[in-house]
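J.: Which chain is which? The protein sequence lines are B and Y, in order. Be aware that the first sequence starts at 5, since it is given in this note's numbering, and climbs by one per residue. Be aware that the second sequence starts at 5, since it is given in this note's numbering, and climbs by one per residue.
Hints should not be assumed to be uniformly reliable.
All copies of an identical chain are treated as equivalent in the list; a pair is satisfied when it fits inside any one copy or across any two copies.
Dumping the calculated DSSO-like pairs for lysine-lysine here, alpha-carbon to alpha-carbon at most 30 Å [to be verified]:
# : residue 1 : residue 2
1 : K490      : K258
2 : K490      : K398
3 : K398      : K379
4 : K175      : K274
5 : K379      : K274
6 : K477      : K274
7 : K274      : K398
8 : K258      : K16
If you're looking for bench data, these hints aren't it; they were derived computationally from the structure. Nothing here was measured: the structure is a model prediction, and the numbers come from that model.
2 protein chains.
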Amino acid sequence: MAAPCSDTCEAKERSLRERVPPLLTDLYQFTMAYAYWRSGRHQEPAVFELFFRDNPFGGGFSLFAGLEDCLLFLRSFHFTDEDVEFLRSVLPPNTDPAFFQFLRGLDCSGVTIRSVPEGTVVFARVPLLEVAGPLAVVQLLETSLLCLVNYASLVCSNAARFRLAAGPRRKLLELGLRRAQGPDGGLTASRYTHMGGFDLTSNVQAGFLFGIPVAGTMAHSYVTSFNSLEEVWPQTLAAVDGDRDPVDFVSLTKGWLTHVCELLGAESGKIREGELAAFLSYAIAYPQNFLPVIDSYSVGCSGLLNFCAVALALCELGYRPVGVRLDSGDLCRQSLDVRGVFRLCSEHFSVPAFNSLIIVGTNNISEQSMIELNKKENEIDVVGVGTHLVTCTKQPSLGCVYKLVEVRGRPRMKISEDPQKSTVPGRKAVYRLLDAEGEDQSVAHLRSQKRRCYMLQGLVTHPQSSAAQTREKVQSSLQTLHPRYKRLQEPESYTVSVNEIQNNLSKTQTPFTSCGLLCQQVALSERLHHLVTELQRGSSIDSNFLLAN
Amino acid sequence: MAAPCSDTCEAKERSLRERVPPLLTDLYQFTMAYAYWRSGRHQEPAVFELFFRDNPFGGGFSLFAGLEDCLLFLRSFHFTDEDVEFLRSVLPPNTDPAFFQFLRGLDCSGVTIRSVPEGTVVFARVPLLEVAGPLAVVQLLETSLLCLVNYASLVCSNAARFRLAAGPRRKLLELGLRRAQGPDGGLTASRYTHMGGFDLTSNVQAGFLFGIPVAGTMAHSYVTSFNSLEEVWPQTLAAVDGDRDPVDFVSLTKGWLTHVCELLGAESGKIREGELAAFLSYAIAYPQNFLPVIDSYSVGCSGLLNFCAVALALCELGYRPVGVRLDSGDLCRQSLDVRGVFRLCSEHFSVPAFNSLIIVGTNNISEQSMIELNKKENEIDVVGVGTHLVTCTKQPSLGCVYKLVEVRGRPRMKISEDPQKSTVPGRKAVYRLLDAEGEDQSVAHLRSQKRRCYMLQGLVTHPQSSAAQTREKVQSSLQTLHPRYKRLQEPESYTVSVNEIQNNLSKTQTPFTSCGLLCQQVALSERLHHLVTELQRGSSIDSNFLLAN
């Protein structure tokens, strides 16, 4: 049943199987499966659609993510003896034992998946994933598929918004693992924020499983763990070319510190010895990767001076220090001060390497503070984002749903008294109405937003894209979207056209009708509108079933 | 190294190992560990404290959760060859190869954990977990421990607030898996919302791993998948006593439906045949567990009538129908209408079972709507809560931090220019100042909130409580807290007293000083206040280190 799969793919599949066992679902999936099985309906062909009802974060779009995980989950979907025994203990005692044998033999060999490609721009009410297969099986998949798409799409969309707020050039680093909603919340966040536009993650497991570039140097605890220069060991460092004997790096740095204090008119009495010891130890361990956090005590009175001294000593030995991290206070103002000192040192001490030092800023960055940061003058090269990115504080859930649209070829519909909870019946084709740039809206150019078949009768039919490809896809997909829909606040709402799947493209040029039951951004084709009306009228043809007996 | 562990415990430990591999951490833990190792400091005894800075949800308290997972994680903490090979590929190329051998041999045999018990009421700035051990090891544990405590405590506290809002009697059902932040977000939520006061979960895996009672019957898709009574099979059902031959259950129900329509003056033309077929099929499959969702079309015109008919037919055969679920609209008003119909049926048809039918309400319940629901007249017996509970929409992250407080017996402190980010140095004892009820605050009764040793040099020393025990602990711990601190809105802030750990209880009766650096709810003992001032003044003694050379 498995398509060819590389080593990395196997590690991902194993990790997913461990994190998403088939019992990680709602109990009612099993009670319903039993009722279908009991009445002999479990093999009836059925179709579910997965979609969300509103674009997240008050925005004008979302990104679709989680497809690859869904396919991995479906490939290995089956219940073990242990699973089935547990189900036996929680389902009502009169459940027919043969049902558990049926469960034990179940897999997704009858399941076909059509989907929007991973990383595509999507909109509210658009069917993202279409799941077709035996009624009992596709019902059983509901919770797992929702769980895999909901958060992945949400956090990917959130990352895209942070990317839009930050502009295309600044490097973005995700570091939310410790604040995520559970361990896998952290792993999922690292993966899909990278897809949504982040460059780096602090999460090692995300690097291991998904090949995302990882970054990080030191925390405040490292700095505060040092107390005096006596703790620095070894105290020597060899020059990068290795030609000379190792020099006394502590003395070399102390000399530079005196020069730096003179240059900046700083009081040496306020410099923290423990901080200098920490920087020295780190630089001696990793002379090519020196990027300390400089605000454990005071940036201006201690951290920046200590950094410059160690970095100048490294330069003297031929190494290139990398930069600094600021983790508190007014990042913009501090970055300007820090850059000024770097320029001064570069000029005064003739050290060109000081012109390419980078400044990393991390301090509880939200979408709003990213927007503000981008407006203000600053010298921050890399922004690290944690809590607000990974937990999506602005809206922590996307609210995807999974609705039955067809059984045995007949369209199905939920007609709730709550209009928001009603569904559009039948399988659908979805189109985005794209304007040719500069043309009038009324001569809108029609282009299809294709859903492709990704799994046919349990076989994965479409090669998966790499993380880098999908990441690129996100940015190119966002490129096709007009800025008015991408505005982070009060975007225009995008009109999605929904048509029955049997129609070909030309049919979509028939007028679209806005359906009172649904949100206004969805335009239904005329035939689909008729179908909705007919199903709403209900079992009019069959309404005599009571008297018929 | 492992203490005795039952089967369930093993399943939990395995699950945790799979969900929280040791690479699920920030890269800088490894770069710091290397720098410590390189300078020979990796074995120095160090102490970290884990705490949060503000009570979540604008509330007056939090609950501490995640301890058991932390202990399971620590018991099995080690790096595989594969892990180490990956680390070799991401750490700088000049990393000494012997460091990777050191990592390969690492475990938590030198780690000691003192902690507040799982499920205890706690407050901002209180050290919840104290982690003591070799500097490099306890540093490496940071991200994993934070990740395990942060969300567990947050979602447990959220559940406790929902429980306070709902009152003690109403049953609460968690059903957030599909909307959670990733699969494990869902699993963690099910576990800790149960601990925080929920009775049931829909999540089967949570039942499997943690023994939480699971519940669920059917979704709308089940109802809408049926179209006509012809799909009902088998059409017969035997009476509960099994004495008679199976009867034609469809005809029996149709008869009852006619009676119900007559009684209520309802139009039979508006009744959905598919919905009746769905209810019949379910009742025939699970006659003892009949609890359908009745708003797939219209509660008043169809769902309620169909339910009553099937339930009356079940009663005639000696079964006890369970109740109904409402999933949209005004739950309070509908529950009153539904209860009225149940009473009428009970009386008119002399069916006492109709007096004990339960009404389940599920419709995007938030803390606010739970408060409102509790104020309004209603007949809802069980409330199902999903999105707002598990994703903690009001505040999706707790913001726990892990700070170094001691190295080689010397207190350490971070003195940021941002006062909120400064820490209280040294190991601490924490006390809650409890009033004797009715007495004046000035004669406050002092009682210690004990932290216990849970792991000594890598060995688990304290037997874990069962889920039920911890759940009870939460409620009894909340009982000790005065209502003014438990108010969901604008609670009073609780004063926490922090003392150096060397002092005995009597010493805490020395005056407490409020420290400008910290939030005002924390009162420091006089000696601790001196220590803070001294460390803030900094390396005054050592400040000549520059000139000393």
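J.: Does each hint fit the structure? Answer for all of them.
T.: Verification of the supplied hints:
1. K490 / K258: neither (52 Å within a copy, 55 Å between copies)
2. K490 / K398: both (17 Å within a copy, 26 Å between copies)
3. K398 / K379: Both, since 21 Å and 28 Å are each at most 30 Å.
4. K175 / K274: Answer is neither; intra-copy 33 Å and inter-copy 60 Å both fail.
5. K379 / K274: neither (34 Å within a copy, 60 Å between copies)
6. K477 / K274: For K477 and K274, neither the intra-copy (51 Å) nor the inter-copy (49 Å) Cα distance is at most 30 Å.
7. K274 / K398: neither (41 Å within a copy, 42 Å between copies)
8. K258 / K16: neither (49 Å within a copy, 53 Å between copies)
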